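Protein chains in written order, with this note's numbering: chain A, 1 to 165; chain B, 166 to 718.
These aren't lab readings, by the way, just hints derived from the structure by calculation.
Any given hint might turn out to be false.
Stated by the list, open to error - In the DSS-like style, the derived pairs of lysine-lysine whose C-alpha atoms are separated by at most 30 Å in a straight line are: (1) Lys432(B) - Lys76(A); (2) Lys105(A) - Lys82(A); (3) Lys104(A) - Lys159(A); (4) Lys40(A) - Lys310(B); (5) Lys270(B) - Lys40(A); (6) Lys155(A) - Lys677(B); (7) Lys616(B) - Lys74(A).
Claimed, not checked - Here are some chain A residues the structure puts well away from chain B; computed CB gaps all over 12 Å: (8) Ile28; (9) Lys74; (10) Asp109; (11) Ile157; (12) Asn160.
Note that the coordinates shown come from a computational prediction; the quantities given were computed from them, not determined experimentally.
Built from N, CA and C at the ideal position, the CB exists for glycine as well.
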Amino acid sequence: MKIHLSFVCFLMLFSITLSSQNKMPNVILKTIEGKTVNSKSTSNKNGLTIYSFWATWCVPCINELDAINKDFDKWKLETNVKLVAVSTDDARTKRRVRPLVNGKKWNFDVLVDENQAFKRALNINGIPHTIVTKGSKIIYRKIGYKPGEEEDLYKFILKNSPIKN
Amino acid sequence: MIKISKLIFVSLFLFSSYCLNSQILDNLTASYDSYSSYYLDDSKTGDFNFEDRFRSNNYLNLKSNIGYDWSFELQIESYLPKALLNFSPNFKETGISTFNIQYNKNDLNLSLGNFYEQFGSGMILRSWEDKDLGINNSIRGLNGKYRINDEINVTTLIGDQKKGFKYSTALVVGFDTEIDISEILSNDNTFITGFSYVGRSDEKSSSELYNKMTNLFSSRLDFSSSNFYSSLEIIQKSKDPIMLFGSLSDSFVKKGSALLYNAGIIKDGFGFDFTFRRLENMSLFSEREAFGNIYSESIVNYLPALTKQHDYSLANLYVYSSQPNVSFQSQKLMKAGEIGVQADLYYFLEKESFFGGKYGTNIAINGSFWNNLDGDFDYENQDYNTTLFGFGEKYFSELSFEIRKKWSSKLDNIFLYVNQYYNKRLVEETIGEVKSNVFVLESTFKINENKSLRLELQHLSTKDDMKNWAAFALEYNLSSAVSLYISDMYNYQSPKKENKIHYYNVGGSFNKGINRYAVNYGRQRGGLVCNGGICRYVPESTGFSLTITSSFF
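Bound conformation, chain B alone (with noise of 0.2 Å):
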């Protein structure tokens, strides 16, 4: 592998030695991240019993233009001596990640390699990357898009999905138009309507009951006007054989579909939107056999928890992940996909107002409830029939209401109460349910123009599984470029004294330009971690790690 790594960088070196002699340097732009951890050995925690304390994920992105139509971008990632604890095994040692070539003219747009696609809300296709969660999805092959006269975008696609270094043995395909009804008809109004298509080939799995082909149709419908705004999207799956307890049924087979409509009304100064989802046997790998994989690799398709996203550690320990999925346990535990609501308002005070004061203050106010489907479970048969619109048992609900009040040019307040209800038991397949409350209070308090300090202060108050909770974080900003923080996460009411653990971090970071280097000294709680409504488990840990961020243009 060695060898293979000093190949690449020799001739990397030589191209880059080829660029600086040419036109393609000019428009070069690079950026470099890198993730390192020493982890360490705790008392209260445990060992670390992996190997290699010392991991390290780098990734450096290179892109430019040839000439005026051509593009090219090349990804290289190194794992060394491992990846970070909770990435995937197929992320090791250094090798090109991504590379792919572009044509892009008038209004067509060819590429050629890995490329990143959605068509619609990306519930029937979705490919992207999220480094945080090792989620790297990109489709190596054929993309092509095409647009007429701004009034009809064309897309096509066709190849093998990315997992790791490796690629799934598995074909997608994928068709996609949209058009823009309003446009034609030179509507002020927006009016756009959208078929999509999408295929998956796996040449590992069929039987006598179904394909190796799974086939997907999507139509979707979007109106907008100045002050209202609603889409419709619905999807049809082909037959689809059940994951049971690790192996694909050859007798459970069924169809999927996804339902997604959402409305809004919006004024100056006022904002409501609501939307409606109902999902079933809805997702989709590029390899069957990668189904509920722990490191979300071979995803197709993009089926986000659509609950409130949280920017705050307790309202986050009892988060919830979408129930796509058919899931036959037990007789007690039947599971066919997910059925609920979510609706948001946001409403401005007016500065100068009773209750805006001199700066205004803003409310947003969010509630969700999603629920097991309804329908008819035949445990002993493995079948089940659901109802189209019938809530089963619920899954999670939460109501939140957030406040952002600045008092004067010193001092600012985001005051946010959540009310939870978490069904561990169903959601998870273990035991429990969770009722809780938490409350956050953040305070930011400018000292003069560059200096600022932030303190952010936390309660989960519950009966139920760990008790209560309580978690502080100040931030104290000494410069544009400086900044050092201390946090804490302690679950003080622990019914197990050996759980009564301080999940401190105390860290810095500093900023210069688009150069970020954050260092950090702690202990990470282990369990789900979240970003964009896709969770997944990290195991605890403890140590230092050193993030840098940077990009040259």
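Chain A extracted, bound-state conformation (with noise of 0.2 Å):
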């Protein structure tokens, strides 16, 4: 029990130190037709990006990925932001990914992380997590995704984007 209690003090030592900016990281990704794209080329050069994970078997991730790209031609006319959803779904579901991606008409980018090097690269620990960036950094993140949430998104969003028409 001691050595938990330091365990987590260490922690919060660690967690008071820390600064709140951080860069994304740069991992090896595939696009849904298979060609191999880095993470680093993936943000939006003009505007915010949303980086959405998610799985074909993640019921609350499509819900929120639903509930956005119902309104998501109007998010980017207003603020050019650029909406990434990686898909986490490893050999087993893969397959699955881009038939539903057309099968539900997502308007936005769609990539794979099969073995999840970039959901650990961004120490994710389940999903549906969503990071905002502004250029290379990080400067939002979410776990979870609970109805009417992507309103306060966009309302964040429209907060920090440099576009707003």
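Given two chains presented individually in distinct reference frames, assemble the corresponding complex, making use of the accompanying hints.
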């Protein structure tokens, strides 16, 4: 038990000293067509980027992306925000990604992180997990999704976007 | 052990102090996960018959860049006083679980220490981490990747494999190359071909009939255009001994193989996907003796069940786990692998159409069947010969139909129907078979901007095994931060009166940014717990649990 406590103390020490700004890591991802891309090249040069980590079997993830998709044309028009939906599906369910994305008519970029290198590099424990970046800096992170939270996300985007149309 | 732990703590403290004064800190990210349980005696399901009622698994992960090209990752794990029930005894006390240093410059990536890697679809090699299942089969050694002109990827690796805090005595080596032919030819369609080699040298076992080294070769070809894709992967595995009643046979030695074909058609609002897979004697463990271990340790390759991964408890009652192995139990129970297909269809009914309604409707249909390989099985002489495309006795089949419908800005529904056949005798090597129908209705009602209610109703009907089940879950999201739930699962038609048990759970969670705290009190059903197509048995338990996940950035 003692060791456990010291463990937690150690962590606290870290959390206090950590700076709140962090850069996006650079790892290799695949497009849904199977092409190799560097995660660095996926960010929006002109405006904010939302990275949404999801999987075909994750019901709340799909609910969130469906909810965003409903208004995404408006979001894009108003703030030029880019959304990258990062599928963490492994070999078991990866095949469903492309048909599902088409079947749902999602109107944003989808990348595949099959062995979860990107997810791991960002210390993501569970999905859904949403990250917003400005340039290469992470400015927002959130785990989980409850109905209506997409509105909060959009408020944040509106507030921080360099572009407001 | 406490001394060692103290030493680790002190060194970490010193390390962190050092970090305070260096640029490493600017780029440091950390995550902490903790899963704790306090197990109770239960008048219905029995007393807790193990040591230590309080158990806790803790994971601290640290990552940072050192300068522009270097980075490191360290994961410390602590299982105190003991690991949660159903975790391998190789996870105990506190220690450094994984550590690696990486050099990343231009198109070169070198990693020394523990690394995670996957070749192709993972059927020949995959190392990954899954905390829920207690899997961390990372390889400790050297991993090098090089990319040539965005056209060719080359990966090599060598190392030993992690099991708990220990390492297997066997050596794993691998080589993979992936060539983007379309990039070379500047073609609009995508053509990618790949070749892999994996070798596993198990010093502990060899005989006149087989080597300590097992070699696997694979080749694959992927094609993708704007509305069609297809991929083929073929693997050959050299001779490996069969495990018979818990020990390796000296005489029953067979080759293995895998064949995977996948194709799909996609259009706006429509998607169809088809997969065929055949596996024969394909499991690979870094130590042969680890074959079939209940903790899923020492797995070198990834052979998940290719069935729909359900999110609802009753649809997961008779869940299929893949059957890649040879098993000779009796004259009537002989298996050499599996063969089968899976198909998925997705369709979006347009907004403002007759069936689509105001918001449109999503339809998803999934079907699969998996059979034993067909062939001549000889129990007396312990041998078999299979046919390439022959289907033997059925293990499992499933047909599911899912509709997602938004009725208004307030109300959403998901309806799921699943028809399952599960050959318990052949898959679990026990008795019986189960034909079942599962119905699920999920409704989400948005009360206002931040409050919502989600109700899940499930029913499983079957005349076999344990007969009918019913289940419900009710979730109340009070705000974007707080959520409460109550759920129950009840085998109301169980033929045995003592098995009519309510598997109830109540709990709540609190989210703040990227920190999440969840508490639960309830009764967990024993049985197969699956994640990503890998399943294992867990014992029944009752108690309190606390989960903390947080990251710092």
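Results of checking the hints against the structure:
This hinted pair checks out: Lys432(B) and Lys76(A) have alpha carbons roughly 23 Å apart, not beyond 30 Å. Taken as a hint, the Lys105(A) and Lys82(A) pair is honoured in the structure, with Cα atoms around 16 Å apart against an allowance of 30 Å. Only pairs whose Cα atoms come within 30 Å are accepted, and Lys104(A) paired with Lys159(A) is accepted, the gap being roughly 29 Å. Distance restraint check for Lys40(A) and Lys310(B): the Cα-Cα separation of roughly 18 Å lies within the 30 Å cut-off, and the hinted pair is therefore satisfied.
Among the hinted pairs, Lys270(B) with Lys40(A) is consistent with the structure: their alpha-carbon atoms are about 14 Å apart, no more than 30 Å. For the suggested pair Lys155(A) and Lys677(B), the alpha carbons sit about 17 Å apart, so the restraint of at most 30 Å is met. Among the hinted pairs, Lys616(B) with Lys74(A) is consistent with the structure: their alpha-carbon atoms are about 24 Å apart, no more than 30 Å. A cut-off of 12 Å between C-beta atoms contradicts the statement that Ile28(A) is not in contact with chain B; the least separation is 8 Å.
Once the 12 Å rule is applied to beta carbons, Lys74(A) is consistent with being away from chain B; the minimum gap is 15 Å. The claim that Asp109(A) is not at the interface with chain B holds, since no C-beta of that chain comes within 12 Å of its own (minimum 15 Å). With 12 Å as the threshold on Cβ separation, the claim that Ile157(A) sits away from chain B holds: the shortest Cβ distance comes to roughly 16 Å. Every beta carbon of chain B lies more than 12 Å from that of Asn160(A), the smallest distance being close to 15 Å; the non-interface claim holds.
Violated hint: 8 only; the structure is consistent with all others.
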